[in-house]
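If you want the building blocks of each chain, they are given just below.
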Amino acid sequence: MTTRLKPQPAPRGPKPYTFQITWRDAVDATMRLRTDHKGRRYVSRFSTATAIEHFVFLLAFAVLAITGFAQTFYDTVLGGQVLVLFGGIDSLRQAHHAFAFILGMAVIYHLLNYANEAVVYRRAGGMWFDGTDWSLLFRFGRSKKPARFGRYTFPEKISYWVMALAILALGVTGLAQTFPILVSEFLPGIVVPISRLTHFWMAVLLAAAVLIWHVYDVLVRKVNLSILTGNMSIKDMEEDHPLELQYLEAAAGALHSPDWPLVLEIAREEDAPTAEEKVEAKEEAAAPQEKAEPARPAEGPEKDAASKDSVKG
Amino acid sequence: MNKRPASRLWKTLPLLAAIFALLAWINLSLSAGRVQALTIDGLRAADTPTATVTVTPPAEQGITSISPHATGDCFACHSQAGITGVTKDGGTYSLYIDKSHYQDTLHSSCVFCHLNQKSYPHDTSPIQSCAVCHWQASGAPAPDGPPTFQLPYEDTRAIALEINAACAKCHGGEFKEIENSVHTRTMSKDNRFAPVCVDCHAPHIIKIINRQYGAQLCSKCHLAEYIAYGSSVHGAALKAENNQDVPICDDCHGAHNVIGPRDAAFRLDAFEMCGKCHADAERMKKYNISTDVLSTYLDDFHGRSSDLFGKPGAAKITKAACYDCHGVHNILPPDNPESKVSTVNLQRTCQECHPDASANFPAAWLGHKQVSIQDTPGLFALKSLLAVFVSTIVFFFAVYIVLDLGRRRAKRKAEAAAKEAAKTENEDGEEKSQ
Numbered sequence: 001m002t003t004r005l006k007p008q009p010a011p012r013g014p015k016p017y018t019f020q021i022t023w024r025d026a027v028d029a030t031m032r033l034r035t036d037h038k039g040r041r042y043v044s045r046f047s048t049a050t051a052i053e054h055f056v057f058l059l060a061f062a063v064l065a066i067t068g069f070a071q072t073f074y075d076t077v078l079g080g081q082v083l084v085l086f087g088g089i090d091s092l093r094q095a096h097h098a099f100a101f102i103l104g105m106a107v108i109y110h111l112l113n114y115a116n117e118a119v120v121y122r123r124a125g126g127m128w129f130d131g132t133d134w135s136l137l138f139r140f141g142r143s144k145k146p147a148r149f150g151r152y153t154f155p156e157k158i159s160y161w162v163m164a165l166a167i168l169a170l171g172v173t174g175l176a177q178t179f180p181i182l183v184s185e186f187l188p189g190i191v192v193p194i195s196r197l198t199h200f201w202m203a204v205l206l207a208a209a210v211l212i213w214h215v216y217d218v219l220v221r222k223v224n225l226s227i228l229t230g231n232m233s234i235k236d237m238e239e240d241h242p243l244e245l246q247y248l249e250a251a252a253g254a255l256h257s258p259d260w261p262l263v264l265e266i267a268r269e270e271d272a273p274t275a276e277e278k279v280e281a282k283e284e285a286a287a288p289q290e291k292a293e294p295a296r297p298a299e300g301p302e303k304d305a306a307s308k309d310s311v312k313g
Numbered sequence: 314m315n316k317r318p319a320s321r322l323w324k325t326l327p328l329l330a331a332i333f334a335l336l337a338w339i340n341l342s343l344s345a346g347r348v349q350a351l352t353i354d355g356l357r358a359a360d361t362p363t364a365t366v367t368v369t370p371p372a373e374q375g376i377t378s379i380s381p382h383a384t385g386d387c388f389a390c391h392s393q394a395g396i397t398g399v400t401k402d403g404g405t406y407s408l409y410i411d412k413s414h415y416q417d418t419l420h421s422s423c424v425f426c427h428l429n430q431k432s433y434p435h436d437t438s439p440i441q442s443c444a445v446c447h448w449q450a451s452g453a454p455a456p457d458g459p460p461t462f463q464l465p466y467e468d469t470r471a472i473a474l475e476i477n478a479a480c481a482k483c484h485g486g487e488f489k490e491i492e493n494s495v496h497t498r499t500m501s502k503d504n505r506f507a508p509v510c511v512d513c514h515a516p517h518i519i520k521i522i523n524r525q526y527g528a529q530l531c532s533k534c535h536l537a538e539y540i541a542y543g544s545s546v547h548g549a550a551l552k553a554e555n556n557q558d559v560p561i562c563d564d565c566h567g568a569h570n571v572i573g574p575r576d577a578a579f580r581l582d583a584f585e586m587c588g589k590c591h592a593d594a595e596r597m598k599k600y601n602i603s604t605d606v607l608s609t610y611l612d613d614f615h616g617r618s619s620d621l622f623g624k625p626g627a628a629k630i631t632k633a634a635c636y637d638c639h640g641v642h643n644i645l646p647p648d649n650p651e652s653k654v655s656t657v658n659l660q661r662t663c664q665e666c667h668p669d670a671s672a673n674f675p676a677a678w679l680g681h682k683q684v685s686i687q688d689t690p691g692l693f694a695l696k697s698l699l700a701v702f703v704s705t706i707v708f709f710f711a712v713y714i715v716l717d718l719g720r721r722r723a724k725r726k727a728e729a730a731a732k733e734a735a736k737t738e739n740e741d742g743e744e745k746s747q
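In the order they appear, the protein sequences are chains E and A.
The numbering of the first sequence is this note's numbering, which starts it at 1 and goes up by one.
The numbering of the second sequence is this note's numbering, which starts it at 314 and goes up by one.
Fair warning: there could be bad hints in the mix.
[As the list claims (entries may be wrong)] Capping the alpha-carbon separation at 27 Å, the derived lysine-lysine pairs in DSS-like fashion look like this:
no. : chain 1 : residue 1 : chain 2 : residue 2
1   : E       : K145      : E       : K157
2   : A       : K412      : E       : K145
3   : A       : K489      : A       : K412
4   : A       : K412      : E       : K144
5   : A       : K732      : E       : K235
6   : A       : K412      : E       : K235
7   : A       : K724      : E       : K222
8   : E       : K222      : A       : K726
9   : A       : K533      : A       : K489
10  : E       : K38       : E       : K235
No lab work stands behind these hints: they were computed from the structure.
Required output: the full structure, derived from the provided sequences and hints.
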């Protein structure tokens with residue numbers, strides 16, 4: 001639910017990001033910055049609907065991967081066991097088709113939800129690659145500090161787009177295999193063997209993206225259950241989504257601004273803050289109201305010079 | 314009270330022993346067969362024939378011209394040309410045995426199988442049969458032509474079924490095999506004409522069945538299938554060149570455990586049945602036929618389904634087996650325009666199961682071709698591209714993760730060092746302050 005409307009990718013210098021926000025976005029940001037009963041601050045990162053959507057994807061992926069690879073490797077011991085578990089090939093295929101339908105419905109929901117966010121609420125697009133995605137430079141030793149991400153980190157974007165590509169290809173090729181007669185009425189018959197081939201390789205890609213990349217990112221590197229709980233601690237936000245945290249604090253700080261819409265500008269720091277800088281930032285974060293002051297109403301991104309870095313002030 | 318029965322038993326014992334000895338002797342003398350002449354005068358005197366069947370047994374066999382009542386020589390009567398039996402329903406049954414055939418068989422004695430004909434007169438012979446030979450005694454006119462006997466069987470089939478039961482005495486294994494055969498099941502449905510041992514293994518000329526003869530054998534009942542087979546690539550090769558590689562009926566259907574072609578088991582094992590030869594590289598090399606047919610079939614939807622249907626839990630058996638596309642008995646090579654799988658006929662063949670199959674549809678099947686650079690260059694290119702694409706992404710995943718792990722390790726070390734430094738600094742500070 002990033003409320004960034006017109007991102008200004010600035011890969012060549014520490015130019016600030018510009019956000020045009022409405023009062024509703026400020027309310028949203030305020031509500032997402034929360035404190036638990038022990039007084040620890042955290043951020044509500046995902047809505048319940050998103051958590052359910054992710055769970056449906058997870059469940060469908062698990063069943064489809066198991067039933068799919070059991071059909072490919074049916075002559076192995078494990079494949080045979082899965083076949084027995086599902087009560088034979090017929091019911092296994094039925095399960096595969098049923099969960100493919102569920103996954104398809106989830107994809108349609110996802111696309112409709114995206115359209116709603118983008119067109120009605122004008123606050124979608126956090127998954128697009130932008131100037132924050134230079135984490136490889138850090139990994140390859142070309143940058144001294146890790147990259148600073150907004151709504152989604154670089155690994156999250158990679159897993160999203162690889163999975164999106166794989167699921168789209170799997171859906172199309174799966175349908176072509178389920179309805180070969182229909183497909184070959186309009187397309188050459190070779191589409192069916194092409195689909196078989198592509199379906200397998202895309203399944204391998206999806207399984208690798210989920211089991212290697214995604215599992216490493218959210219479970220091995222750091223146990224990140226925010227998609228299930230919806231929440232993320234401030235510490236993790238600072239580490240993984242510093243730009244989003246800055247944005248939320250700035251937007252929440254601007255809640256009582258008299259003029260709407262506002263243009264917020266968030267510095268795109270090339271380098272992560274040092275330990276001293278962090279302490280500073282924390283102190284400043286304790287007073288978001290003050291921080292938001294520099295974010296002044298503006299007519300457009302042309303007024304960059306007039307705006308300030310909302311965090312550093 | 315008890316004395317009388319005991320003494321009666323004592324008196325009857327020698328009589329019983331005598332009868333037993335007599336029966337034993339008769340039995341022994343009969344089973345000794347045709348080569349043994351009878352030597353007991355008493356018996357000879359008792360059984361002096363009033364009329365004998367006019368047979369002239371070959372002298373080299375050492376068979377006497379004495380009545381069959383005494384010798385047990387089957388050929389004394391049964392080598393007489395034209396000797397006939399009449400069943401109760403009026404059917405005639407030749408009782409003539411060509412001795413030369415008999416000598417060719419693997420069996421050595423008539424009474425091994427003809428259990429009810431061990432003695433003479435045969436156990437089951439009706440009394441009126443006596444008059445056939447003893448016509449003088451009955452005052453009948455002399456018969457013109459070979460003798461005709463009244464048989465105690467309902468019809469000729471009953472004779473075959475009675476004899477057939479004797480096969481089990483030695484061939485228990487084969488009897489076990491036929492237990493579940495479709496023929497036995499047909500028989501159990503009150504069809505007496507379902508084939509039994511003697512229908513295929515012709516009695517009196519029982520031999521190991523050779524392949525030419527074997528193929529013809531089934532045509533006794535399955536003529537249409539035999540004609541279709543004769544026109545197929547397999548049947549033609551067998552007939553024309555006595556090709557020993559081609560399958561005959563029993564190679565696919567089984568010899569004793571004949572499986573019905575509509576049985577689930579037959580369909581499930583069909584690819585193994587054809588694959589037995591068609592995946593055999595040595596055999597196929599002679600005819601320049603690809604052995605990929607089995608692997609490509611199993612790799613595709615129909616084959617994989619058929620293979621999986623054989624596994625536990627499967628119920629539906631509807632996917633195409635080899636013979637659904639290639640034909641059952643009339644299999645022709647695919648380059649023959651008459652073949653079901655020739656280019657011109659392929660769409661029609663697909664439509665047998667997929668009525669809506671369009672002209673594009675047959676191309677969905679690669680014709681048993683592997684995805685390779687020679688046969689399917691386009692698919693091969695796609696496969697390579699996908700493999701490279703997916704591998705590259707997975708490689709990227711691996712490299713990123715390894716680098717990330719390295720970074721995190723370095724970070725942990727740096728933090729630990731900083732902590733250590735801070736600690737020593739603090740300690741130093743404390744010391745200084747002290």
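We went through each hint and held it up to the structure:
1. Restraint check: the Cα-Cα separation between K145 (chain E) and K157 (chain E) comes to about 20 Å, which is no more than 27 Å; the hinted pair holds.
2. Taken as a hint, the K412 (chain A) and K145 (chain E) pair is broken in the structure, with Cα atoms around 106 Å apart against an allowance of 27 Å.
3. Taking the CA atoms of K489 (chain A) and K412 (chain A), the gap is near 32 Å; set against the 27 Å cutoff, the hint is violated.
4. Of the supplied pair hints, the one linking K412 (chain A) and K144 (chain E) is violated, its CA atoms being roughly 107 Å apart against a limit of 27 Å.
5. Straight-line distance between C-alpha atoms of K732 (chain A) and K235 (chain E) comes to about 19 Å, which keeps the hinted pair within the 27 Å bound.
6. Note on K412 (chain A) and K235 (chain E): the hinted pairing is violated, with a Cα-Cα distance of about 106 Å set against a maximum of 27 Å.
7. Restraint check for K724 (chain A) and K222 (chain E): the C-alpha separation of about 14 Å stays at or below 27 Å, so the hint holds.
8. Proposed proximity of K222 (chain E) and K726 (chain A) is supported: the alpha carbons are some 17 Å apart, at most 27 Å.
9. Under the criterion of a C-alpha separation no larger than 27 Å, the hint pairing K533 (chain A) with K489 (chain A) is consistent with the structure, at around 24 Å.
10. Only pairs whose Cα atoms come within 27 Å are accepted, and K38 (chain E) paired with K235 (chain E) is accepted, the gap being roughly 15 Å.
Violated hints, in rising order: 2, 3, 4, 6; the structure is consistent with all others.
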